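Trainee: Chains as they are written, first to last, in our numbering: chain A, 243 to 576; chain B, 243 to 576; chain C, 243 to 576.
Calculated from the structure, these hints are not laboratory results. Check before you lean on any hint, since a few could be wrong.
[Claimed, not checked] Below, simulated EDC-like cross-link-like pairs (lysine to aspartate or glutamate); rule was C-alpha separation at most 16 angstroms, straight line: (1) C:K358 / B:D544; (2) A:K416 / A:E546; (3) B:K516 / B:E477; (4) A:K358 / C:D544; (5) B:K358 / A:E249; (6) C:K516 / C:E505; (7) C:K423 / C:E523; (8) C:K415 / C:E546.
Computed from a prediction, not measured in an experiment: that's the story for all the values here.
The primary structure of each chain is shown beneath.
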Amino acid sequence: MARISNEQLAHLPPDAAIQFDDRGYLRHFLTINGVPREALIQILDTAESFMTFGEREIKKVPLLRGKTVVNLFFEASTRTRTTFELAAKRLSADVINMNAARMSTSKGETILDTVKTLEAMHTDLFVVRDSASGASHLIASHLPEHVRVINAGDGRHAHPTQAMLDMYTIRQKKGGFEGLKVAIIGDILHSRVARSQIHALATLGVDEIRVIGPRTLIPTEIEAMGVTVTSNMMEGLSDIDVVMMLRLQRERMDGQLVPSEQEYFNRYGLTEEKLKAADNEAIVMHPGPINRGLEISSSVADGERSVILSQVTNGIAVRMSIMATLMGGTEGSR
Amino acid sequence: MARISNEQLAHLPPDAAIQFDDRGYLRHFLTINGVPREALIQILDTAESFMTFGEREIKKVPLLRGKTVVNLFFEASTRTRTTFELAAKRLSADVINMNAARMSTSKGETILDTVKTLEAMHTDLFVVRDSASGASHLIASHLPEHVRVINAGDGRHAHPTQAMLDMYTIRQKKGGFEGLKVAIIGDILHSRVARSQIHALATLGVDEIRVIGPRTLIPTEIEAMGVTVTSNMMEGLSDIDVVMMLRLQRERMDGQLVPSEQEYFNRYGLTEEKLKAADNEAIVMHPGPINRGLEISSSVADGERSVILSQVTNGIAVRMSIMATLMGGTEGSR
Amino acid sequence: MARISNEQLAHLPPDAAIQFDDRGYLRHFLTINGVPREALIQILDTAESFMTFGEREIKKVPLLRGKTVVNLFFEASTRTRTTFELAAKRLSADVINMNAARMSTSKGETILDTVKTLEAMHTDLFVVRDSASGASHLIASHLPEHVRVINAGDGRHAHPTQAMLDMYTIRQKKGGFEGLKVAIIGDILHSRVARSQIHALATLGVDEIRVIGPRTLIPTEIEAMGVTVTSNMMEGLSDIDVVMMLRLQRERMDGQLVPSEQEYFNRYGLTEEKLKAADNEAIVMHPGPINRGLEISSSVADGERSVILSQVTNGIAVRMSIMATLMGGTEGSR
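Model the full assembly from the supplied sequences, consistent with the hints where possible.
Mentor: Take a look at the structure:
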């Protein structure tokens, strides 16, 4: 099990440091930012050992038997919730799904009261999604030491399990990260996925990260993360090995940030034509669900360059890996 | 395991043929239409072996352990969803419930994207309900070969598991199908249940099928299915052995198709009085939930001729049987 | 296993008598009223044996393996439903969650039809919550002998599992019941929790039960239950060993029963200052979720006298105990 050194830990920003226990092992998975390369690699390696499970007759291992996993979703997402539910059940955990919008937070109880109440029921792992950046950090900082938290998306901040399944898919299809040119395309401004992807790609050492989108949807400070920025799609795609599309929220389409769906598609929608600018062997990724004809054409989404369904398959193994990695620490198995 | 011959397969309509794999075994259960008698009998026989389970101390068998069943309900139905959930859990499967109305189909993703995404998570069996006729066929035709689909009701088209539990109940109470006179009563026009019942009864060889209801609620082409039609309740019930009531949707009660609830009950509501026209030993069936005082009186629904609760009990065993039959093919156990 | 004698049974009111089978064992848990002291003590003792489970690596026992528990909630309550779901899963039962408001009761089927339908699926235990007093009694009286019912709150009538976890917590923190002075504070009028607490405290033999609240929120007949009533908070708290706060429903805050939130807090909100009137070692309880700044201050809720989170933890063990006690009778294990 990879661990972070005291030296490394001392240099981490507080929101990264909280993820490690005092021996340097990962206890929460809230952000990729600050997690050392070896820890990321180990998550990918462990995921690989879970990959064959999906094809076995009996898709279960007893690693989390008798453990209780709570899916605490303050923001609805059936798809993401399902991936965590499946991952936990295949590890033999008991799963409680809470649509927390309907819960007692609406009755004057704070989110922390809700979480502490659930923890008092001896739950072991919280998977948290919230529309507020920092929600899972807040929760993690108020729980006792043996309880784990996974960030399943918080505001515009981070979506680290999505980024890890993306990294798994890149390594699976490209053999590694060295020398790769990667483009992230779309609404960077509102995207927690993009932030986590950039941290992961940088840590794992790709050659170049390009960010492509309309100026209105690219945050001004993004170049400080070590990426190249362009609003020119063809220029940005040139020689790219990995094309990472982002989902465009239709609520951005009100004319303020994006002129119209048609114009957005014309300029930034990924088509067979535009894809020719990329490397011959480029792969196309998307976190899903896709907006056909908005950020991606159907022929690309369903085409031979697309690895979108592989991402979904890999997502189960990667989430099993992250859960097993975090929970390993409670079993004295290290 | 019963199988269909190449000869039989060649003569099936396409929506029936898709249900069989290339060796002639059932792989989906979408419609009764075209399924040969032996396959239906085998489903009933297998269900019989599951009947004692409900009364055992431990109501579980490990037949589907490690398999993932997805209840994909685009149309809400807590009752039907619960029967499939219980059947799957008693076979030891993991069950994911998806109320797909709340899912990503509302975000611009197509139903097929949703299904393919779920399939990429290595799910094994989809139980599909949709308000559109043909939805489960569409889904089945786009899935890889090893994934199974059960139609839990699609539009006005079919509800084959309901029809099979009805057949089980008839055989249980009457000893077989030969020589039986069966009446199906109510809103035939909108009823997927009636269509599946007629196919099943005809295949299993009852003596006579009568369809009873107001002219406005009987489709014109129904006689082509080999049934007798009447709008006269007493005439239709004469000498009948099995009375199959249909549920009347209250939204039909707007005066266009049915004059009023009271008048409907007077003419077609099943009462003790009207039931006297049927055979002395006639049984009364209803798919539930019942509308007391609309299509059936409380005294008949709760009376000694009623087998409505037996239908519910049998429904679990029949659904276990269908799931086990379809999944059997993935285990090389044939 | 404690049992009630024929003599005791003959003297019980009907709604208490229905809870016992003909050998005098508990089969339902609907109300504390009329349950003999020994039976309550045994539930607490059994709960104690489940307390260590929450801290074990594998938090499961196979006591209810293969049994089906239905959470039948006609009134939404994510928190309470979760406690029963967790308790049942840790006993290895299969759990079906039904939000019955969305169910067929809205389609003209009666509650009893719904329950009988579920029972016909061979379910073993119903956990029922309803806004109508007596709902779980009604259901219990219409089910066959081998099916069990737990009341998870019915109207203003009873919430016996909440009262039992409160009793467990008192015994845990105070060593027993003898000699204790207990205050129940808040909206007694609408509280099913208060009624069950009073029955339990009286049966288990505390020294004194005081009821504190505005006159408008105290039912006139309450003194007949053997309690002292006061509207003076400081007087009521004097020398108290156990402070049991009730949750104030914000919908009572319309000015008719309570003048304003601020004035309610000033008079009846539990603060550090008011708590000084109680015994030095007094404990503070609340069924949750708490309204901070309405019936209790944050500093008391989070303070060292508060045992609110212990109540939550104990609630799982107590509900496991009650489920195991009721189901024990179906296994011939007595």
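Trainee: Next step is simple, just say for each hint if it's right about the structure.
Mentor: Status of each hint after checking the structure:
1. C:K358 / B:D544: Holds - the C-alpha atoms of D544 (chain B) and K358 (chain C) are around 11 angstroms apart, at most 16 angstroms.
2. A:K416 / A:E546: 15 angstroms, holds
3. B:K516 / B:E477: OK: K516 (chain B) and E477 (chain B) at ~10 angstroms, within 16 angstroms.
4. A:K358 / C:D544: 11 angstroms, holds
5. B:K358 / A:E249: 46 angstroms, violated
6. C:K516 / C:E505: Distance of about 15 angstroms is within 16 angstroms: holds.
7. C:K423 / C:E523: Roughly 12 angstroms separates the two Cα atoms, so the pair holds.
8. C:K415 / C:E546: Cα-Cα ~12 angstroms, so holds.
In terms of the numbered hints stated before, the structure departs from hint 5 and from no other.
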